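Engineer: Each chain, letter by letter, is given below.
Protein chains: 2
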Amino acid sequence: MKVITNKNIKSMDKIYRLNLINSVTGFKSANMIGTVSSDGNTNLAIFSSVTHMGSDPAVIGFFVRPTHVPRNTYSNIKDTGYYTINHISKSHIAKAHQSSAKYDEDISEFEELGFSEEYSGNIKAPYVAESNIKIGMKYKEEYPIKVNNTVLVVGEIAEIMIPEEIISEDGHINLNQSDTVTISGLDAYHKPEFLKRFDYARPGKELNEITR
Amino acid sequence: MKVITNKNIKSMDKIYRLNLINSVTGFKSANMIGTVSSDGNTNLAIFSSVTHMGSDPAVIGFFVRPTHVPRNTYSNIKDTGYYTINHISKSHIAKAHQSSAKYDEDISEFEELGFSEEYSGNIKAPYVAESNIKIGMKYKEEYPIKVNNTVLVVGEIAEIMIPEEIISEDGHINLNQSDTVTISGLDAYHKPEFLKRFDYARPGKELNEITR
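Chains as they are written, first to last, in my numbering: chain A, 1 to 212; chain B, 1 to 212.
Looking at chain A on its own, in the form it has when it is part of the complex (with noise of 0.2 Å):
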């Protein structure tokens, strides 16, 4: 087992520390953010730090480095309110990997890899119809992070789409189905293979596998 202490850290080749603490968490989600402009620019950037926050209200967050690339998403969120997430899935993931390049202002991303938008006409910022699962949502709030000059921006759920034979019954998406794929690290994808699903785990109580 190797130590890498907080000083060899601060002491490492940027990139090599960039993979390494990118990787270190476990995988991560894999969406794309769809926004357009208020002059009508639509925008398509790749995130792995899409989050769920709560169900109740259903709330849903991510962090951005509005000083730096992909710099359109979170000037377009501020300028309109609303913003997609949209699934990756695993015949997407070289398009959807060329969606972090630096890209000018008006170039769409959508036009440039070759995904659609998509409009559900309930909210303005276009979605990836390629995409399996797509979620709409409204912005709520941000949290300026003091320690690195991010921001975590936090929205509600407007609306989802999604196949609904991929839903069970107790609500639980089988994201096997959607083909959904993880990143981890800045470029490894990866797709998840199904091995169990436990039931509410209590004190004492033996833990029961769900097989709906």
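To be clear, the hints were calculated from the coordinates, so they are not data collected in a lab.
Nothing here was measured: the structure is a model prediction, and the numbers come from that model.
Treat the hints loosely; a few may be bogus.
One copy or two, it doesn't matter: identical chains are merged, so the pair holds either way.
[Said to hold, decoys possible] No farther apart than 27 Å at their CA atoms in a straight line, the calculated lysine-lysine pairs in the DSSO-like style are these:
#1 K10 to K124
#2 K7 to K205
#3 K95 to K124
#4 K196 to K95
#5 K191 to K10
#6 K90 to K191
#7 K196 to K140
#8 K138 to K102
#9 K124 to K102
#10 K102 to K196
#11 K146 to K205
#12 K191 to K146
#13 K138 to K7
#14 K146 to K7
#15 K14 to K205
#16 K102 to K2
#17 K102 to K78
Please arrange chain B on chain A, whose structure you already have, making use of the hints.
Structural biologist: Leaving out everything else, chain B in the frame of chain A:
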């Protein structure tokens, strides 16, 4: 494609909503957080909200609901200033899930679930000896989230304990080799299979696969 609106979500059965909204963001990290109280009681609880926030400084966040279970994790972190983040591997999913049960404050989940405490000597908090990747954390900041009364707890990496052979030459950790799992929803454990790594993306440049 089914459209689920915000109004639908608000009127859902609570368990159905919990399952749906917990699984809609995609795959989540699977970690157990280890802490010790000021009077020496150790605690271990599963979290799926551990998120990479930045590499320099190396900061990690997670969301906790201080008024809810797991109640001890948050108060122990505030009392001692330290905690550990321990990857859940495939062989430990049942025991790790059981750590979500509401054990009394004076009961150590380590002992109750059969995990061994391990101490590095550098930080106060206990590591899970059986975990393949272990991160020692120093508490830095917290952000109370208005919309749902959760708290974002932010810490800086104090040390990482990891098998040296699973780190690539560029710093990327091969999480397949650590047998780390991912969670979807409240209770579904998955084992990711590696697909591809891609090089740094640039506009107009063909995307290359990383094979190292």
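Engineer: Does each hint fit the structure? Answer for all of them.
Structural biologist: Hints, one by one, checked against the model:
1. For a Cα distance limit of 27 Å, the shortest separation of K10 from K124 across copies, 22 Å, qualifies, whereas the shortest one inside one copy, 42 Å, does not.
2. In the homo-oligomer, the alpha carbons of K7 and K205 never lie at most 27 Å apart, since the shortest distance is 44 Å inside one protomer and 36 Å across protomers.
3. Taking identical chains as interchangeable, the C-alpha atoms of K95 and K124 lie at most 27 Å apart only when both belong to the same chain, with a minimum of 23 Å there against 45 Å between chains.
4. When the C-alpha separation of K196 and K95 is checked against a cutoff of 27 Å, the pair qualifies only between copies, where the shortest distance is 13 Å, while the shortest distance within a copy is 31 Å.
5. For a Cα distance limit of 27 Å, the shortest separation of K191 from K10 qualifies neither inside one copy, at 32 Å, nor across copies, at 32 Å.
6. In this assembly of identical chains, K90 and K191 lie within 27 Å of each other by CA distance both inside one copy and across copies; the values are 7 Å within and 15 Å between.
7. Within a single copy, K196 and K140 get their C-alpha atoms no closer than 35 Å, and across copies no closer than 35 Å, so neither meets the 27 Å cut-off.
8. In this assembly of identical chains, K138 and K102 lie within 27 Å of each other by CA distance solely inside one copy; the values are 25 Å within and 34 Å between copies.
9. Proximity of K124 and K102 under a CA criterion of 27 Å is satisfied intra-copy only: 23 Å inside one chain copy versus 43 Å between copies.
10. Only between protomers do K102 and K196 lie at most 27 Å apart by alpha-carbon distance; the minimum there is 21 Å, versus 39 Å within a single protomer.
11. Taking the shortest Cα distances, K146 and K205 never come within 27 Å of each other, neither inside one copy (43 Å) nor across copies (35 Å).
12. With identical chains, the CA atoms of K191 and K146 are never at most 27 Å apart, being 35 Å at best within one copy and 35 Å at best between copies.
13. Within a single copy, K138 and K7 get their C-alpha atoms only as close as 41 Å, which misses the 27 Å cut-off; across copies the closest is 13 Å, which meets it.
14. When the C-alpha separation of K146 and K7 is checked against a cutoff of 27 Å, the pair qualifies only within one copy, where the shortest distance is 21 Å, while the shortest distance between copies is 35 Å.
15. In this homomeric assembly, K14 and K205 come within 27 Å of each other (Cα to Cα) only across copies, at 23 Å, whereas the closest approach inside a single copy is 48 Å.
16. Within a single copy, K102 and K2 get their C-alpha atoms no closer than 36 Å, and across copies no closer than 34 Å, so neither meets the 27 Å cut-off.
17. Taking identical chains as interchangeable, the C-alpha atoms of K102 and K78 lie at most 27 Å apart only when both belong to the same chain, with a minimum of 20 Å there against 40 Å between chains.
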